[in-house]
Structure formats: structure tokens, C-alpha cells
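Chains as they are written, first to last, in numbering that gives the first Met the number 0: chain S, 0 to 132; chain P, 0 to 132; chain H, 0 to 132; chain R, 0 to 132.
Bear in mind the hints are in silico, worked out from the structure with no lab data behind them. Computed from a predicted structure; not experimentally measured. Any given hint could turn out to be false.
Copies of the same chain look alike in the list, so a pair counts if it works inside one copy or between any two.
Stated by the list, open to error - Heads up, simulated SDA-like pairs for lysine to any residue below, C-alpha to C-alpha not over 20 Å straight-line:
{"id": "1", "residue 1": "Lys103", "residue 2": "Phe81"}
{"id": "2", "residue 1": "Lys91", "residue 2": "Phe64"}
{"id": "3", "residue 1": "Lys103", "residue 2": "Gly45"}
{"id": "4", "residue 1": "Lys69", "residue 2": "Gln80"}
{"id": "5", "residue 1": "Lys103", "residue 2": "Ile48"}
{"id": "6", "residue 1": "Lys103", "residue 2": "Trp47"}
{"id": "7", "residue 1": "Lys91", "residue 2": "Ala63"}
{"id": "8", "residue 1": "Lys103", "residue 2": "Asp44"}
{"id": "9", "residue 1": "Lys103", "residue 2": "Glu21"}
{"id": "10", "residue 1": "Lys103", "residue 2": "Gln120"}
{"id": "11", "residue 1": "Lys17", "residue 2": "Gln76"}
{"id": "12", "residue 1": "Lys69", "residue 2": "Asn88"}
{"id": "13", "residue 1": "Lys91", "residue 2": "Glu21"}
{"id": "14", "residue 1": "Lys103", "residue 2": "Arg10"}
{"id": "15", "residue 1": "Lys69", "residue 2": "Gly35"}
{"id": "16", "residue 1": "Lys17", "residue 2": "Thr86"}
{"id": "17", "residue 1": "Lys69", "residue 2": "Gly83"}
{"id": "18", "residue 1": "Lys91", "residue 2": "Gln24"}
Residues per chain are reported as follows:
Protein chains: 4
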Amino acid sequence: MSTVTLADARRVIEAAEKRADEIGQPMNIAVVDSGGNLVAHVRQDGAWIGSVNISINKAWTSRAFDIATKDLGDNSQPTQQFFGINTTNGGKVAIFAGGIPLSKDGVVVGAVGVSGGSGEQDHSVAEAGAAVF
Amino acid sequence: MSTVTLADARRVIEAAEKRADEIGQPMNIAVVDSGGNLVAHVRQDGAWIGSVNISINKAWTSRAFDIATKDLGDNSQPTQQFFGINTTNGGKVAIFAGGIPLSKDGVVVGAVGVSGGSGEQDHSVAEAGAAVF
Amino acid sequence: MSTVTLADARRVIEAAEKRADEIGQPMNIAVVDSGGNLVAHVRQDGAWIGSVNISINKAWTSRAFDIATKDLGDNSQPTQQFFGINTTNGGKVAIFAGGIPLSKDGVVVGAVGVSGGSGEQDHSVAEAGAAVF
Amino acid sequence: MSTVTLADARRVIEAAEKRADEIGQPMNIAVVDSGGNLVAHVRQDGAWIGSVNISINKAWTSRAFDIATKDLGDNSQPTQQFFGINTTNGGKVAIFAGGIPLSKDGVVVGAVGVSGGSGEQDHSVAEAGAAVF
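Extracted from the complex, chain S is given alone in its bound form (with noise of 0.2 Å):
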């Protein structure tokens, strides 16, 4: 099975910190394998606290149901039917934009994920770092 190294971790979130340096607005910005498994994290100086957790969940979701947190947050509005799944999983669901897979070969194996500003700016942050995996 095809994962995410170290390596690849470092390069991704290297990517991601050029963005969020380009945008201004200091991040969060983790990474997780092919289990979910934080691989790496780093929080920029000045970044939110509260967004610690928020990142690395928004990578574990987004590996987790190989989905951008984006995507399944329209899913998980009232009345559609993911609604209330931010609740499982102790909590660890991430229902808002910043998280987004990192596949090889069309295949899922880990993902990224960035918290600490709006809701565009995070999933741009991810973009930039998923985009050099």
C-alpha cells in the first residue's frame, strides 16, 4: 500500500506555508497517511490555537471518507443526509473547507489539512499543498 512519507509530508506543508505566507493569514497545517495517522503538523507563528485540533481532524476526515471537508460539508447541512456526522467518531469529523485528500494513482493515501482563516482561505492553503503531492 502506497502511504505518505515524511518526506512528502514536509513538501506539502512547505507548499501550503508559501500560500498562507502569499494570503497573509498565519495557519495551521497538517498532515495525515494512508490510516489516518497524523505524519506531520506545524502551527505558524501568530496562527489560531483553537486551530490545532481543527486541522489535524480536517485531515483525518478528508482521508477518512477520501472526500475535501468542503464537499462533504454541503452533505452535512440540515436535511442532507450526512447531517449530524460531525458528531461520530468522538468528535473527530471536520465539516467545513480546508481539508482535501492526497491520492497516488487515483487512489486516496492521506490527506491534508489547514485551519486558521476563512473557510476559502483554508481550502486554497490545502490546494497549494495537495498540489505538490
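Starting from the known structure of chain S, arrange chains P, H and R on it as the hints suggest.
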């Protein structure tokens, strides 16, 4: 980095209690430091016991995301960008009025959280506390 | 039913703080009422942040079982009758010195919990607080 | 109050990784700031996934009580003064070797936590990290 001393916290709590007395609604009032850790808490006689936890979590939330919980709440409604944030961080994120950051020289170094009345009352009492920091 | 008012809790905390200052060890001090619910908490400047939770739980434990946590600890060692009690109640049971019941006319109506130093120091500071109740 | 920047954390992690490589045991390495909040974490390839949480909690514990987890462990054995401390704070207290405080001018401003090998190995890798702070 600056933080909140116990003397600071007592001054904030005293001002908040005074406002609570004026409006005739007993309150729980909590103050956290720059790391989000509790510095002091009081429950006025007759205040809700279910609000002990909420006051502490409102203070934590305001420091964790450098925002008034009232404003975070606006962004955490269904279809809004942070919908679901209240189930992250082990349930410590409060998304209704009553938490306000405490700042020094433009930097958030702590927060006050109030719970025991309506959202408007809680926010008003927190404001009175924050005003003397 | 008698209980602990905020004025009571402040008197207890003031006496406990005085003792903590005398022995030169900053402390977390918490007081709970007859329902085991927090009335007030202070963390003196420089006291351990890991002791916020412990001071509150020591106070809760002393009221929950109407016993000094020091004595409960003696009964909670391996092979003793309450071994394992500290993993009940969602982890709120503290089994080391620093929690002391507060009584009125022979009935426990609350408790004080202290954490921040050695077991002996914590118990001594709690005693100073309980003495003025 | 001083704290730990991301650059500081990376320097600490780099030195810890070097030691882990020398002894041939892949490790989880975590660094927290003065508030006990995570600044950075890495899991070296092949390191135990069960040690992600432990490394973070060792770092938190060392800052929360300003002590090496090895020394806290000595005081947390049956009949010792802190027996039972590991079930407080929601299970975040680690009482075995691998966490070491990071100090500036004699004041603890953060901590490093290492998990992935024997207690002796974990402590040694944490020491290598702390040495460059």
C-alpha cells in the same frame, strides 16, 4: 508575549459582576490567559450550574480564535463557513454570545467568558469586564 | 440545604492563598458547593497550568465522596478496596492529597481543592482554606 | 512572557531526529509552547502510530507541570504523592520518560515530547532536542 495575571482577572471579574448585579442576572464569569488556560472563575449565587462549563469554554473560544463568540456564532450557522466548529476541540468551542477577547497593544492575550442569562446579557456583562482590562 | 456561597468561597480561597504565599508555592485553588459544582477558582501567577483541572477535580471528589482526597488515595492503592476509582466519573476522581470537604453542623456542604505543589503542600493549603469556613 | 516559535520548534525537532537516526529508532517528536499548545509534530517513517498522541501529551505534561515526565513518573507510582495523576486532565498527563521542559532564562516556556522507543531512548532523543533550544 503578554498574558493575563490573576490581578488582571480579578479586575475584569469585578467589573463584570457589577454589571451583572445592575441587570439583576447572576452570572458565571471566567478569564483565561494567552494559552487559553483558566486564570479565575466565579459563579455568583443563584447562577446556573450548567453555565460553569459554558463560561469557561466561551473564554477559551474567544482566545482560541481571537474573536467574540457572538461573531463566531454568526459564521457557524447552517450553510455558513464554520458550521460544525462547535463539535471540534473536544466540545470546547462555544458559538453563542458571551465570550470576548482581552487585548494588549492590539494583540489578544486572553479572554473573558460569561454565561447565565440571555445572549445579550452575557455579552453585555463580558463587555463590562473587558472594558477594564 | 446549606451550601457554599460565593462569599464563602472567596473567604476560603483568600485563606488558602495566604498559606500558599507563606510557603512560597503558587497554587490553583477551587471551591465547589453541595452539588459538587464549581463556585470559584483561582490560579496564582506562576502556578502549573496542569493543576487547573486537578484543583477542581480534587474539590469535586471531596464533596462527591465526603472525604479528603488524601484519605481516598490511601484506599485507592493497588489491592485496596477502591483501586481504580480514579477512572470512574469521566476521570473526575482525584486520589491524591489536596481536596478537603467543607462542613456545616457536621454535614458536608462543599469542598476545597488545591493543586500546585507536593501532596503535603497542597493538603496544607487546603486545610488553611477549610479552617475559615 | 517568552514562548516557542515555529522556527524554535523546527530546530528542536531537527536535533531530536538526528539523535533518533543515530540510535536507529524512528520516533514521534512534538513541541508545545508556553500555553501547552502544539507548535509542531513529526512522525518519522516507521514510528508507532500509537505514539502520535503520546509524544504530544508528553510535551503537554512537561509544560503543564514544568517537569520531565520521567521525574513525574517517579512521583506517580503506587503509594507515591501523585499516584493517579495520569487520569486527570482528560487523560493528557503522560507519566513515563520522553517529555522535557524547554526553558529560557530559567523559566519554562514550552516543552518537547518524544515517543517511539524505550523510555531511555525517548528521553535521550528529547534531551538532544532540548539541548539546542
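Status of the hints after comparison with the structure:
1. In this assembly of identical chains, the alpha carbons of Lys103 and Phe81 never lie at most 20 Å apart, being 27 Å within a copy and 30 Å across copies at closest.
2. For the homomeric pair Lys91 and Phe64, the shortest alpha-carbon distances inside one copy (12 Å) and between copies (19 Å) are both at most 20 Å.
3. Taking the shortest alpha-carbon separations for Lys103 and Gly45, only the inter-copy value of 15 Å comes in at or below 20 Å, while the best intra-copy value is 33 Å.
4. In this assembly of identical chains, Lys69 and Gln80 lie within 20 Å of each other by CA distance both inside one copy and across copies; the values are 15 Å within and 9 Å between.
5. Taking the shortest Cα distances, Lys103 and Ile48 sit within 20 Å of each other only across copies (18 Å), while inside one copy they are farther apart (31 Å).
6. Taking the shortest alpha-carbon separations for Lys103 and Trp47, only the inter-copy value of 17 Å comes in at or below 20 Å, while the best intra-copy value is 31 Å.
7. Taking identical chains as interchangeable, the C-alpha atoms of Lys91 and Ala63 lie at most 20 Å apart whether they share a chain (10 Å) or sit on different chains (18 Å).
8. Only between protomers do Lys103 and Asp44 lie at most 20 Å apart by alpha-carbon distance; the minimum there is 18 Å, versus 31 Å within a single protomer.
9. Proximity of Lys103 and Glu21 under a CA criterion of 20 Å is satisfied in neither setting, with 27 Å inside one chain copy and 27 Å between copies.
10. In this assembly of identical chains, Lys103 and Gln120 lie within 20 Å of each other by CA distance neither inside one copy nor across copies; the values are 25 Å within and 27 Å between.
11. Proximity of Lys17 and Gln76 under a CA criterion of 20 Å is satisfied in neither setting, with 32 Å inside one chain copy and 31 Å between copies.
12. Taking CA atoms no more than 20 Å apart as the test, Lys69 paired with Asn88 passes in both settings, with 18 Å inside one copy and 19 Å between copies.
13. For the identical chains of this complex, Lys91 and Glu21 are neighbours neither inside a copy (29 Å) nor across copies (31 Å), given an alpha-carbon limit of 20 Å.
14. For the homomeric pair Lys103 and Arg10, the shortest alpha-carbon distance inside one copy (15 Å) is at most 20 Å, but the shortest distance between copies (29 Å) is not.
15. In this assembly of identical chains, the alpha carbons of Lys69 and Gly35 lie at most 20 Å apart only when taken from the same copy (18 Å versus 26 Å across copies).
16. With identical chains, the CA atoms of Lys17 and Thr86 are never at most 20 Å apart, being 33 Å at best within one copy and 29 Å at best between copies.
17. For the homomeric pair Lys69 and Gly83, the shortest alpha-carbon distances inside one copy (15 Å) and between copies (12 Å) are both at most 20 Å.
18. Taking identical chains as interchangeable, the C-alpha atoms of Lys91 and Gln24 are never at most 20 Å apart, the minima being 24 Å within one chain and 24 Å between chains.
Checked against the numbered hints given earlier, the structure breaks hints 1, 9, 10, 11, 13, 16, 18 and satisfies all the rest.
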